[in-house]
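A.B. asks: This is what each chain is made of:
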Amino acid sequence: MGTRPLQGIRVADFGWIYSVPHATAWLGALGADVIRIETSGAPDLVRFLTGTDGSIGANRSGIFHAINSSRRSIALNLAMPEAQEIARKIIRQSDFVTENFTVGNMAKYNLAYDDLVKIKPDIIMLSGTPLGQDGPLAASVGFGPTTQAFAGLCHITGYPDSFPCGIGGTWPDFAVGTAMVFFLLAALRYRDRTGEGQYLDLSMAEMVTTMMPEAMMDFLMNGRDQAAIGNRDESMAPHGVFPAAGDDQWIAIATASDDEFAKLCEALGAPSMASDPKFARLFGRLANVEELEREIAARTRVSPRDELVAKLRARGLAAGPVYSTLELMEDPVFSRSNMLVKLKHSEVGERVVPGLPVNFGAIDLEYRGAPMIGEHTDEVLTELLGYSAAEIARLKEAKVLI
Amino acid sequence: MTRFEPFREPPRALEGLKVVELPCLDTMAFLAASMAAKSFADFGAEVVKVEPPQTGSQERALGPFRDEMPDPETGGLHLYLNTNKLGVTIDLENRRGRDLALDLLAPADIVFNPNRPELNEQLGIDWRTLTARFPKLIVVSITFFGAESPYRNLRGGDLVATHMSGVGYETPWHQVTDPSNQPPLKLGGRQSDYLTGYTAAAAAICALYSRMTNGAGQHVDVGQWLSMISMIRPNLGFYSHETPDSPSFQRLSTRRKTGAQWVYPCKDGWVSFNAGIDRFWRGAKKAMGNPEWMDSELFDTVLGRAAHIDAIEAGVIDWLSTQTRAEAFEKAQAEHVPCFPVYSPAEVAGNRQYKARKFFIDLEHPAAREVRMPGAPCKFTRTPWRIVRGAPLLGEHNQMILGGRIGRSDAELAGLAAAGII
Chain X
56 MGTRPLQGIR
66 VADFGWIYSV
76 PHATAWLGAL
86 GADVIRIETS
96 GAPDLVRFLT
106 GTDGSIGANR
116 SGIFHAINSS
126 RRSIALNLAM
136 PEAQEIARKI
146 IRQSDFVTEN
156 FTVGNMAKYN
166 LAYDDLVKIK
176 PDIIMLSGTP
186 LGQDGPLAAS
196 VGFGPTTQAF
206 AGLCHITGYP
216 DSFPCGIGGT
226 WPDFAVGTAM
236 VFFLLAALRY
246 RDRTGEGQYL
256 DLSMAEMVTT
266 MMPEAMMDFL
276 MNGRDQAAIG
286 NRDESMAPHG
296 VFPAAGDDQW
306 IAIATASDDE
316 FAKLCEALGA
326 PSMASDPKFA
336 RLFGRLANVE
346 ELEREIAART
356 RVSPRDELVA
366 KLRARGLAAG
376 PVYSTLELME
386 DPVFSRSNML
396 VKLKHSEVGE
406 RVVPGLPVNF
416 GAIDLEYRGA
426 PMIGEHTDEV
436 LTELLGYSAA
446 EIARLKEAKV
456 LI
Chain S
2 MTRFEPFREP
12 PRALEGLKVV
22 ELPCLDTMAF
32 LAASMAAKSF
42 ADFGAEVVKV
52 EPPQTGSQER
62 ALGPFRDEMP
72 DPETGGLHLY
82 LNTNKLGVTI
92 DLENRRGRDL
102 ALDLLAPADI
112 VFNPNRPELN
122 EQLGIDWRTL
132 TARFPKLIVV
142 SITFFGAESP
152 YRNLRGGDLV
162 ATHMSGVGYE
172 TPWHQVTDPS
182 NQPPLKLGGR
192 QSDYLTGYTA
202 AAAAICALYS
212 RMTNGAGQHV
222 DVGQWLSMIS
232 MIRPNLGFYS
242 HETPDSPSFQ
252 RLSTRRKTGA
262 QWVYPCKDGW
272 VSFNAGIDRF
282 WRGAKKAMGN
292 PEWMDSELFD
302 TVLGRAAHID
312 AIEAGVIDWL
322 STQTRAEAFE
332 KAQAEHVPCF
342 PVYSPAEVAG
352 NRQYKARKFF
362 IDLEHPAARE
372 VRMPGAPCKF
382 TRTPWRIVRG
392 APLLGEHNQM
402 ILGGRIGRSD
412 AELAGLAAAG
422 II
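Chains as they are written, first to last, in our numbering: chain X, 56 to 457; chain S, 2 to 423.
No lab work stands behind these hints, which were simulated from the structure alone. Among the clues, some could well be false.
Each pair of labels, with its calculated beta carbon distance range [what the hints assert, rightly or not]:
{"#": "1", "chain 1": "S", "residue 1": "357", "chain 2": "X", "residue 2": "422", "range": "36 to 44 Å"}
{"#": "2", "chain 1": "S", "residue 1": "17", "chain 2": "X", "residue 2": "177", "range": "13 to 21 Å"}
{"#": "3", "chain 1": "S", "residue 1": "323", "chain 2": "X", "residue 2": "63", "range": "51 to 59 Å"}
{"#": "4", "chain 1": "X", "residue 1": "339", "chain 2": "S", "residue 2": "351", "range": "47 to 55 Å"}
{"#": "5", "chain 1": "S", "residue 1": "319", "chain 2": "X", "residue 2": "177", "range": "52 to 60 Å"}
So these bits of chain S aren't anywhere near chain X, every CB distance computed over 12 Å [to be verified]:
{"#": "6", "residue": "39"}
{"#": "7", "residue": "69"}
{"#": "8", "residue": "81"}
{"#": "9", "residue": "123"}
{"#": "10", "residue": "134"}
{"#": "11", "residue": "174"}
{"#": "12", "residue": "202"}
{"#": "13", "residue": "222"}
{"#": "14", "residue": "244"}
{"#": "15", "residue": "268"}
{"#": "16", "residue": "311"}
{"#": "17", "residue": "363"}
{"#": "18", "residue": "406"}
The model shown is predicted, which means the values in this text are computed figures rather than measured ones. Virtual Cβ for every residue (Gly too), placed ideally from N, Cα, C.
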């Protein structure tokens with residue numbers, strides 16, 4: 056029997072798009088009661104990004120379902136004072152408030168941290184924004200992928216001597232969301248020990264910059280402004296993505312030592328390359344990296360990718376197939392891993408979505424399908440807040456509830 | 002009368018927690034373990050970093066070095082990743098060394114172990130042994146593919162994890178026009194190592210909450226590959242919901258540019274820019290001075306704009322060619338349109354927003370002297386992230402920890418040092 060570590064913890068979640076919903080999906084899976092407070096004025100645009108079986112609708116987005124598991128949804132018109140009062144009643148019974156609106160939005164709803172500590176002094180509130188809550192550019196709006204340009208990551212991502220690049224996977228939203236789990240629980244631990252809550256101000260850009268120490272330390276120590284180096288590494292060669300036989304088939308190979316390079320040459324049927332004075336030592340391989348890569352590519356492109364991967368792995372080398380998502384889903388290990396979970400959604404039925412990327416030895420992760428918009432409005436108002444059916448009907452009539 | 006409170010350092014969120022970071026003895030995800038342990042140390046946990054004697058941990062051998070002069074005490078990664086940690090040297094391949102390490106683990110709450118499952122078993126520090134011996138200990142394995150995965154003993158790393166996750170396949174995002182000469186691309190630096198570090202930190206603190214419910218530790222299995230796959234979850238969502246002929250599903254099978262990219266060239270560099278949703282489109286129109294071409298009804302809806310993205314991008318690039326990064330950033334943001342300059346590391350280090358928020362911090366280090374580095378990943382108002390000590394010198398805390406904490410006598414420590422075990 057595993058545990059449900061956050062049973063009894065409640066989250067009033069105003070998060071939307073990707074980062075905060077990802078963080079609260081972790082908390083929900085750990086047993087917290089996550090109440091997603093949605094607003095009619097600004098429905099989560101992810102609800103409409105893609106659909107199910109060819110049709111789009113507020114409750115049909117596969118992306119939304121992949122990110123918003125294990126929570127309840129209540130839909131309020133937060134522009135109305137009565138709706139704000141309902142939100143405050145939920146917050147009075149919550150441990151966390153999470154949000155990632157543009158700076159100042161929560162204040163418009165009278166739900167800024169300063170408002171909330173008055174009604175729940177030990178509340179822990181986390182705000183995620185592109186550039187943080189203060190400073191001259193605090194009002195900036197943006198998604199993670201646009202914000203990482205400011206943080207330096209696009210500049211160092213790209214082909215050598217080429218243009219800066221945007222990054223796949225809507226990086227860094229889910230990286231930020233994952234780190235938020237750590238920050239929230241660190242603050243909870245402090246509250247558990249002292250009874251004191253606090254406000255957490257997360258700047259996505261700063262968070263991204265904490266993940267680029269190589270480039271930042273090189274500038275701060277040496278004044279060297281690093282540029283993109285493609286798939287290369289400053290301390291390994293070859294370290295790259297090489298073509299395999301067929302259309303758009305690629306293999307990633309990272310070679311950590313001279314000994315590994317010799318094994319690679321042998322596997323590629325070119326053992327003499329390992330003793331070529333240009334390539335035998337790391338120094339030479341780095342100095343002649345373009346020629347080295349051409350030589351390697353000429354030999355990889357004749358082999359089917361997976362055959363070559365198996366050959367290199369058998370020699371203990373770091374090599375892997377470059378997967379599209381479609382191929383990833385066919386990987387024999389990933390497709391059977393318990394990171395993929397089948398959940399029931401009220402409108403579209405059972406679907407497979409990603410769970411947490413971690414395996415816990417003794418926690419029962421609690422996955423529930425993503426909610427339809429406002430699916431739990433009546434339930435939360437009745438069970439948590441004690442509203443009567445007549446009051447709920449009136450609030451719906453008055454468009455306080457949607 | 003004014004009462005003067007005595008000056009008190011602000012409290013630290015994770016004060017009282019004991020964490021041990023084991024060294025990686027071959028080629029596993031040691032940067033991830035270092036980042037995970039740093040996250041705990043920087044919020045106040047006591048982290049003991051165990052390093053191999055003589056050589057020290059592997060990040061000490063990686064640059065950047067000041068003036069390119071390799072020195073295990075002053076490497077940039079070591080200085081950054083090992084803040085607030087106590088450093089001890091122990092040879093884990095030696096039985097007496099392992100006994101010392103086990104004594105360190107006895108009172109610990111969390112251990113991060115970045116070694117290959119096979120090697121852990123040989124050394125008797127695999128998670129089964131450790132969780133059986135220390136029932137309250139949270140044992141976090143940090144491996145390439147997961148300690149229990151069928152791939153557990155395969156070699157991986159930042160490059161392989163990125164490209165096996167689907168993230169590399171999508172990078173660069175909608176900028177590939179010549180696929181055979183533009184291979185899938187990894188992210189700059191070592192993003193997947195640090196992501197795995199944050200994932201391990203999050204998972205470890207979840208396990209700590211589990212222990213609060215029943216007093217028991219557990220094994221937490223963190224792998225770099227799944228940590229990266231977690232980043233591609235929108236794709237996994239539409240894979241299971243959409244039909245293979247839908248546009249979003251189609252996108253999964255090609256790297257070739259079919260939609261809006263995130264970054265565009267301008268007069269003096271590049272900016273990120275996005276005008277996808279209606280609100281941003283209206284704002285972009287104003288920011289760009291209401292050009293006539295934007296009035297076309299083809300562009301009235303999100304779907305219409307997606308279908309004619311080539312024409313829109315041509316218009317946007319045309320406008321940007323007359324704007325500097327600063328002008329585009331200011332004009333777009335004035336209309337609440339996502340747009341940021343593409344900054345180089347030097348510009349990141351000098352930008353006024355980070356300065357105003359005091360993001361970079363300065364510290365004095367005995368070997369490296371004055372060092373500046375990235376600071377808090379998140380600002381806590383009551384228990385702020387802070388540095389109380391710089392990265393340890395090799396073996397700096399041997400006496401304090403191995404002598405004071407686990408009670409080895411001076412004579413014994415001298416003997417261990419003479420034998421090269423510490």
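A.B. asks: Next step is simple, just say for each hint if it's right about the structure.
C.D. replies: Results of checking the hints against the structure:
For the hinted restraint 36 to 44 Å between residue 357(S) and residue 422(X), the CB-CB distance of approximately 41 Å keeps it satisfied. Hint check: residue 17(S) to residue 177(X), Cβ distance near 19 Å, so the stated range 13 to 21 Å holds. For residue 323(S) and residue 63(X), the hinted distance range of 51 to 59 Å is satisfied, since their beta carbons lie about 58 Å from each other. For the pair residue 339(X) and residue 351(S), the supplied restraint of 47 to 55 Å is violated, since their beta-carbon distance comes to about 37 Å.
A hinted range of 52 to 60 Å holds for the C-beta pair residue 319(S) and residue 177(X), which are about 54 Å apart. Residue placement check: residue 39(S) does not keep its beta carbon more than 12 Å from all beta carbons of chain X (closest about 9 Å). The non-interface label for residue 69(S) is inconsistent with chain X: the shortest C-beta to C-beta separation is roughly 7 Å, within 12 Å. The non-interface label for residue 81(S) is inconsistent with chain X: the shortest C-beta to C-beta separation is roughly 4 Å, within 12 Å.
The Cβ of residue 123(S) lies farther than 12 Å from every Cβ of chain X, with a closest approach of about 16 Å, so its non-interface assignment holds. The beta carbon of residue 134(S) sits about 15 Å from the closest Cβ of chain X, which is more than 12 Å, so the claim that it is off the interface holds. Residue 174(S), annotated as away from the interface, has a beta carbon of chain X within 12 Å; the closest lies near 4 Å. Non-interface call for residue 202(S) relative to chain X: violated, since the shortest CB-CB distance, roughly 5 Å, does not exceed 12 Å.
At the 12 Å boundary, the C-beta of residue 222(S) falls inside the reach of chain X, the nearest C-beta of that chain being 4 Å off. Against the 12 Å criterion, residue 244(S) falls within the reach of chain X, whose nearest CB is about 5 Å from its own CB. Listed as outside the interface, residue 268(S) is consistent with that label: its C-beta sits roughly 15 Å from the nearest C-beta of chain X, beyond the 12 Å cut-off. Under the 12 Å C-beta cut-off, the non-interface status given to residue 311(S) relative to chain X holds; the minimum distance is some 17 Å.
Residue-level check failed: residue 363(S) sits 10 Å from the nearest beta carbon of chain X, not beyond 12 Å. With a least beta-carbon separation of about 22 Å from chain X, residue 406(S) lies farther than 12 Å from that chain, consistent with its non-interface assignment.
The structure shown violates the earlier hints numbered 4, 6, 7, 8, 11, 12, 13, 14, 17.
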